[in-house]
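Asker: Below are the chains, spelled out letter by letter.
Number of protein chains: 4
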Amino acid sequence: MEFASDNAAGVAPAIIDALVRANAGFAIAYGDDALTKRLERRFADLFERDVSVFLVGSGTAANALAIAHLSPPWGAVLCHSEAHAIVHECGAPEFFGGGLRLLGIEGDGGKMRPEAIAAALERHFGLRPHQVLPAVLSLTQASECGTVYQIDEIAALAALAHERGMAVHMDGARFANAVARIGATPAETSWRAGVDVLSFGATKGGALAAEAVVFFDPARADAMAERRKRGGHLLSKHRFIAAQFEAFLTDDLWLKLAAHANRMADRLATHLASVKLPTLWPVEANIVFVQLPQAVHERLQAAGAHYYVIHTDRSDPATVPPGYVLVRLVTSFATTETSVDKFIALLKSTQ
Amino acid sequence: MEFASDNAAGVAPAIIDALVRANAGFAIAYGDDALTKRLERRFADLFERDVSVFLVGSGTAANALAIAHLSPPWGAVLCHSEAHAIVHECGAPEFFGGGLRLLGIEGDGGKMRPEAIAAALERHFGLRPHQVLPAVLSLTQASECGTVYQIDEIAALAALAHERGMAVHMDGARFANAVARIGATPAETSWRAGVDVLSFGATKGGALAAEAVVFFDPARADAMAERRKRGGHLLSKHRFIAAQFEAFLTDDLWLKLAAHANRMADRLATHLASVKLPTLWPVEANIVFVQLPQAVHERLQAAGAHYYVIHTDRSDPATVPPGYVLVRLVTSFATTETSVDKFIALLKSTQ
Amino acid sequence: MEFASDNAAGVAPAIIDALVRANAGFAIAYGDDALTKRLERRFADLFERDVSVFLVGSGTAANALAIAHLSPPWGAVLCHSEAHAIVHECGAPEFFGGGLRLLGIEGDGGKMRPEAIAAALERHFGLRPHQVLPAVLSLTQASECGTVYQIDEIAALAALAHERGMAVHMDGARFANAVARIGATPAETSWRAGVDVLSFGATKGGALAAEAVVFFDPARADAMAERRKRGGHLLSKHRFIAAQFEAFLTDDLWLKLAAHANRMADRLATHLASVKLPTLWPVEANIVFVQLPQAVHERLQAAGAHYYVIHTDRSDPATVPPGYVLVRLVTSFATTETSVDKFIALLKSTQ
Amino acid sequence: MEFASDNAAGVAPAIIDALVRANAGFAIAYGDDALTKRLERRFADLFERDVSVFLVGSGTAANALAIAHLSPPWGAVLCHSEAHAIVHECGAPEFFGGGLRLLGIEGDGGKMRPEAIAAALERHFGLRPHQVLPAVLSLTQASECGTVYQIDEIAALAALAHERGMAVHMDGARFANAVARIGATPAETSWRAGVDVLSFGATKGGALAAEAVVFFDPARADAMAERRKRGGHLLSKHRFIAAQFEAFLTDDLWLKLAAHANRMADRLATHLASVKLPTLWPVEANIVFVQLPQAVHERLQAAGAHYYVIHTDRSDPATVPPGYVLVRLVTSFATTETSVDKFIALLKSTQ
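Chains as they are written, first to last, in the working numbering: chain A, 1 to 351; chain B, 1001 to 1351; chain C, 2001 to 2351; chain D, 3001 to 3351.
These aren't lab readings, by the way, just hints derived from the structure by calculation.
We treat Cβ as the ideally placed atom computed from N, Cα and C, and that holds for glycine.
Fair warning: there could be bad hints in the mix.
[As the list claims (entries may be wrong)] If the Cβ cut is set under 8 Å, some of the chain D residues that face chain A in the computed set are: (1) Trp3074; (2) Gly3126; (3) Ile3182; (4) Thr3185; (5) Ala3187; (6) Glu3226.
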């Protein structure tokens, strides 16, 4: 009953196998190897256009490098107030961005609305050179609340950003879950809707440590190689990070793994609803927020269920009723139906 | 009728005279001159304790250097959401602080309340090493809304910060106006109430370009000399910045100039109230916010009155009624009664 | 005949196996897992004292994070003029260190001498606050030239640094090769000789991507967790980096792999000497520099030998005679005797 | 007998007068005032082309802001190994430049030669993305040794830089002294010879605190206003810095003051030569280096002469004979013939 994080899962078998296979013989270091070159072409095929791709080992690195490359040090980056980049990266975007500013935008269910962005643009900017310049809009897809931006929602937000000369970044640590849910192509879910740079995550989806920063306009990636190297994020035995991604993309593995995680979240949601414990937000990816009675929570913990309790003051506007705790359940490619069913059974028995 | 900014005033005569006097002969550069040494002792007398003082030429420099010296790059600095440091310094604290984060705290009248700070501390921090660490509380005294923190208010906020291991910075660009209004000593208004480092402004108060970063614990100032130099803020002909401050402090000039500016603001407020145009917040320094009927505003502008219109979305929670504009009137040492009276007369005639 | 880099080798079988084994089940993310905890105790045993250890995925990250943690932004870091940190990390130390300065010290065979450091200290520092402060001495062990600092040499350099209040960092990307050669304990080769912080590399030695920053005084590591996270170098599935290191350290694998690489370098050197091609510097680790006749070089290349030609202007004071090229041959755990012998045979036949 | 620094002089009378005059009435803050606007046009006239000008209060600020604007954080800036930017600014260029690297180029008499730059370009760069990129060549005119680059020398160095895609910066803290000596126009001495951005100093030349960063291609100055503000270098009462420069430029005051300082240096040099104490380098500006017998030096010091002793290890290749000290004598607009003659008389009497 492991629902703490998709990071608690290990590595999908096909990806571990690919690592072992990639270990044959020697390969030139720092990304000049054949496997990496082959993977770069694979990304172009996947996104149906020329792209520049930079592989790194962590989602924080991917986000911070991407954002820093899109914003000057005196720029501001608008993201949801619960976005990973602003809440859980210990200031990495500010560090990589030479002291840029993150501006948190409130929005129900982890999603920003155009009105909120327009209001922020109106309120915080405009007096040059006294104020920082709005430079980037960063969307998290799927969001930290387990919701998903529909394609027209992305397009509306991106249009707003582009009108103001801002670039659009997508934190796709769970891009796979979003694409699997929406059912559109990766291109439609990203650049065709206005995304300029995507942090495309594989780690949460089943890799060991593999994230890709994808520039849909390669010209924009100029000197990104220096930025990555200087950040310590160019791996010497680069073939092994490429191998993970290659396996992730082969035969739509990434979508299959994500679809499984999504189904497990759906299964949790369905069962929870059946016992009158509705989820806080629509379950559109692999994350479920639900308020559990305190007693139920204690029994689940005692039985070894792993998940995080979310303090309500951190997840406004949710107000947790007395006697309840707000919990977050995350599924992954490794979550089993048995595990979900055991969790639900236990929950029902203790209710 | 100049009410746009206290920065629009020139230099007080005694200070310009001091510059001319300081020009006699040669003096060793970079702050090793006799005048600077004398001034440093003067600061100790003024604050009734040993202090370390660093003179710089702008308020932005004073704030950014002070804040950067008190926070690690992974620190967060809590300040009012309308504070100069977060709204009007183009990210200087982030730049000097290696990518630290400013966190704006809402609060009526430009003042933070303990509850709001406690709530922010609860909401944004605590998960190490994923979150930035609360490092500094920065109070603006007098505030951007023209209000003043009373000594017990400073003490309450400082205690809250110190409990959490945070340092307390005071942006005192208008410290003179606050001290003149409160009537307490500089020591009581700063370190005795818990302030660790003060940006003590002279420029808005009548100097040409002179601000002092005052460390009340000299041990805390270690390597601040390097930080200032590296920021380009160590003036070579340093005697001239010291001379400004010496004149500013001599015979309580700083308090006399501030008291005059405060009186001019009071005079504006009294007259405005008499014509049923109450100020938005208590007038406790040299700044007056008032909502003027649009027609009155236009007539004043046409007559050559200078002041800024504040867009309501930027000064929440003020809601400006239809047909009105919110304006900010700032007085200075150079504001004359004649100018105030002319403004009021004009305003009355057009109402 | 792969002698281009130890980074061109794959992963040692025991380490790949450990990765596969570590993949069983779930584990809490970000380094709070059991395997990581166990490994941390293992490091303490290895170094015979309490240590603080931070695992990261690249040597550049390890060096830059370590150096930045030991130096203020206005500090200077003295390292050999051919050190990886100054030549091949694209400014990573400066980036992580908020703009610190690297100062290259010349020295034959990749090693700094006390006199050269003393001269640099005399020449570049001392005028506060106009000059940067000497903060760190960074030794590369084994050096980029394939030489090794003896323990008394480390001690002499460290004493010089400590006298001046500087910290001592060791870039141990090839620490294993040095320890294997010297035959002393890891403790004797590091903190007992005066090293404060060690970048302990496993990647070049046979891991996939695993480097450890080891603080011998845990108090000095305060907030290093934030620095690592903020740099994007805290891996979410952290057990997999710990697993690599555990396998690397188990049964002295690290020393066995390094000893093999060293032996292969010795074998190259011996054979080269036998044909009157002496190495430029003593071969004390897994790197061999030798001047080859141009014709020999061309034949080797044609036959598929991989190695780098070093431009002489980059490896002062080596002066390459006309008709010769200076080449660098690097061996690794994966280098075979067959490969060495084939290379030598080819070389002899073309001479 | 004040020869310690041109920073020890006060402010030229015409400039102090201009400050007093500028103090009449109110003026809009932050550089939007009429005086500043007028001055900007003056700069265009002076340099015979459109320019973008940014006034700041210190030479370190001017250099650091200019260099940072011309180089990416992963760039390298080549300057003379004795340049102010690398020796006496406490890492300001690295700080403002987000961790860029300064690379000191040796050269006799404070001047870089094309061969030395070509050699450095060959030695330190080229392996992307592992090495920093050469981005800026920074010339000091007049140099720290009191020598001057002739126009053809500037042109040759600038051509070399431009060929490699580097920008050319000139640290003109003593630009006035150089122009006065060369006798060419400011345009000929700067952009016509290939300079892209000039730090044009007035402080050493007679101002209180006024330096201008002049972009000869205004397009290159995009967002420089933000960079300056963010550095704390946009003065609020900006008219006073503009007033200093206006007086400095009026009726060629800058050239007259500089010519006087140069003449005083010449007078020192002539007299020194007459007593067989030749200067180390040609005296082309207002700085004189000479080796004095220890006894002479002590007598001069006792008599109250002010100047700095230069440690020989810091001014390679000068080798000071036993019994001698190397001293630097700096003249300024305020140096009197009487003072020079008294110094020389004293020197002769003690020889």
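Asker: With reference to the structure, classify each hint as holding or not holding.
Answerer: Going down the list of hints, with the structure as the test:
Taking 8 Å as the C-beta contact cut-off toward chain A, the hint placing Trp3074/D at the interface holds, the least distance being around 4 Å. A cut of 8 Å between beta carbons decides the hint on Gly3126/D: the least distance to chain A is about 13 Å, and the hint is violated. With a least beta-carbon distance of about 35 Å to chain A, the hint placing Ile3182/D at the interface is violated under the 8 Å criterion. The restraint placing Thr3185/D at the interface with chain A is violated, with a minimum CB-CB distance near 31 Å, outside the 8 Å limit.
Given the 8 Å rule on beta carbons, the hint for Ala3187/D is violated: about 28 Å separates it from the nearest Cβ of chain A. With 8 Å as the threshold, the beta carbon of Glu3226/D comes within range of chain A, its nearest partner Cβ sitting at about 4 Å, so the hint holds.
The earlier numbered hints that this structure contradicts are 2, 3, 4 and 5.
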